[in-house]
Amino acid sequence: MTTTSSRLRLYRFASPATFYPLAGKLVPWFAAVAAILAAWGLWLGMLRAPTDATQGDAYRIIFIHVPAAWMSMLLYVVMAFWAAIGWAFNARLASVVARAIAPTGAMFTFLALWTGALWGKPTWGTWWVWDARLTSELILLFLYAGYLALVPAIDDPRRADRAGALLAIVGSVNVPIIYFSVVWWNTLHQGASVSPAAAPKMAAIMLQAMLLMTLAFWAYAFAVIFVRARAIALERDNAASWAGAAVGRTPAQTEATT
Amino acid sequence: MIWNSASDFFAMGGYGTYVWGAYVVTAACMAIEPILVALRHRRVRRELAAEEERR
Amino acid sequence: MSTTFAVLVGRDLRLAARRRIDAALPIAFFTVAISLFPLGVGPEPQTLRQIAPGVVWVAALLAAMLSVTQLYATDLADGSLEQMLLVPDARLAIAAAKAASHWLVTGLPLVVAAPVFGVMFDLSREAIAALVASLVLGTPVLSLLGGLGAALTLGLRSGAVLLILIIVPLCIPALIFGAGAVAAVDAGQSARGHYSLLGAVLIFTAVLAPLATAAALRIATE
Chain A
1 MTTTSSRLRL YRFASPATFY PLAGKLVPWF AAVAAILAAW GLWLGMLRAP TDATQGDAYR
61 IIFIHVPAAW MSMLLYVVMA FWAAIGWAFN ARLASVVARA IAPTGAMFTF LALWTGALWG
121 KPTWGTWWVW DARLTSELIL LFLYAGYLAL VPAIDDPRRA DRAGALLAIV GSVNVPIIYF
181 SVVWWNTLHQ GASVSPAAAP KMAAIMLQAM LLMTLAFWAY AFAVIFVRAR AIALERDNAA
241 SWAGAAVGRT PAQTEATT
Chain B
259 MIWNSASDFF AMGGYGTYVW GAYVVTAACM AIEPILVALR HRRVRRELAA EEERR
Chain C
314 MSTTFAVLVG RDLRLAARRR IDAALPIAFF TVAISLFPLG VGPEPQTLRQ IAPGVVWVAA
374 LLAAMLSVTQ LYATDLADGS LEQMLLVPDA RLAIAAAKAA SHWLVTGLPL VVAAPVFGVM
434 FDLSREAIAA LVASLVLGTP VLSLLGGLGA ALTLGLRSGA VLLILIIVPL CIPALIFGAG
494 AVAAVDAGQS ARGHYSLLGA VLIFTAVLAP LATAAALRIA TE
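Protein chains in written order, with my numbering: chain A, 1 to 258; chain B, 259 to 313; chain C, 314 to 535.
Chain A on its own, in the form it takes in the complex (with noise of 0.2 Å):
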């Protein structure tokens, strides 16, 4: 008996009805980790790392840079497993995270973009540099828009789920695929020359501060993509007696009009 009801109890979590407060309460915390994250990651990152012998103080990209391509690579993925979940078991809850997510992760990934080339510049002389990890970045880019125009381009809400969710599936089996071609493209293509997005020989203060940016981007990302979620259960169940009561209309008031 007491099996059957934990995992009763964990579907629980599956609707939006409990999903939908319970989240409301994490934003906040969500948050504040992050601020305190990053704060602690750029006192570190800014103000006291040391500067790297070899590409000067703008090394200091770092801090950003490789939180947001990494962010920008697991949030992919994580959309992909939640758009799966809500297609394998018609769970709409997990297709909404999905959809939640993928805006926050294509940010990420022009993030990425944005300052990988500001670093380029004064290490590589050039704003763009065609090297295996800009362009996986700039492919990732356009993984993520084809997602992002599929699922409104479809009117029926589940047929746009499924397909985003098959889209997103059939993206991450071959993101592999994709940057190990660009890896063979570019050393094929470039020889030997240094990769401007190499990082310096890090010492553990650096390694430290950027550890701590990664885990603040995350932290953010949580608090933006559970309200984005919220918003989104909110405009799909509108008619529902969850939603009504999330917004202040009482049970009771409810019963009267159904």
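No lab work stands behind these hints: they were computed from the structure. Since we're looking at a predicted model, the values are computed, not measured. Fair warning: there could be bad hints in the mix.
Here are some of the chain A residues that sit facing chain C, going by a computed Cβ distance under 8 Å [as the list claims (entries may be wrong)]:
| hint | residue |
| --- | --- |
| 1 | Leu22 |
| 2 | Leu26 |
| 3 | Val27 |
| 4 | Ala149 |
| 5 | Ala153 |
| 6 | Pro157 |
| 7 | Arg159 |
| 8 | Leu166 |
| 9 | Trp185 |
| 10 | Arg236 |
Okay, the calculated beta carbon distance ranges per label pair [stated by the list, open to error]:
| hint | chain 1 | residue 1 | chain 2 | residue 2 | range |
| --- | --- | --- | --- | --- | --- |
| 11 | A | Met202 | B | Ala286 | 52 to 60 Å |
| 12 | A | Trp29 | C | Thr360 | 55 to 63 Å |
| 13 | C | Glu395 | A | Trp40 | 57 to 65 Å |
| 14 | B | Val283 | A | Thr126 | 16 to 24 Å |
| 15 | A | Leu47 | C | Val474 | 43 to 51 Å |
| 16 | A | Ala153 | B | Ser265 | 45 to 53 Å |
Every residue, glycine too, gets a C-beta built ideally from N, C-alpha and C.
Given the coordinates of chain A, work out where chains B and C should sit on it, guided by the hints.
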């Protein structure tokens, strides 16, 4: 603190444009995105509440 | 399932034969697009020889993507797609058949026409052979991925542009290995690695794309 003065900090050893160009755009995006999302959420709640009033 | 496949391919080929102009459009686009590059870049033979593999491959990619919506659009419009999907377990055969007929109508002519463009770009005989070989291996990949895109965007208003956006990133490995093979041969090196990788991409796509396309067809029509 490894910087001797505020102007040193902003100069970033000569690379100030690049470093601050990167940080400012990042900070802007990570400030604007939460605002847009919060506005979207608030708009949905307001529309929903208005609909409830009408019922 | 193989009879369904054969029947559908035969049907699509016969339909293409009746609408010869529509069938010829991709190759016309291919020709025009490729011819634009010397006009844009300049007629210097050295430059043209260098950009030729990339230009031909990109044009082939775009020609494939632009023609692939036709694959399902006409059948969707007149209701025959729904009829076909009523047949139990036919989705996989439909997906495979559509990709095969797209390749026969669009990809194969590109492969046949490629040597002409190789000559236009002053490629050596070995490079032209490599171009043809890479297109033989690569254009089926484009048809398979294009079919997936067409099924995902079935019936959508902005279908064609959307399809290009979502499918082109997936075609990049084939593009890299295909154009790379020709560039390698042009530089006097062996293209064996490129061919192996392109072949691997083809096998991977041939096995998985029809499955994904069948799933997309189900998503789009249920």
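Practice task
Could you tell me which of the numbered hints above are not met by this structure, giving the numbers in increasing order?
Solution key: 1, 2, 3, 6, 10, 11
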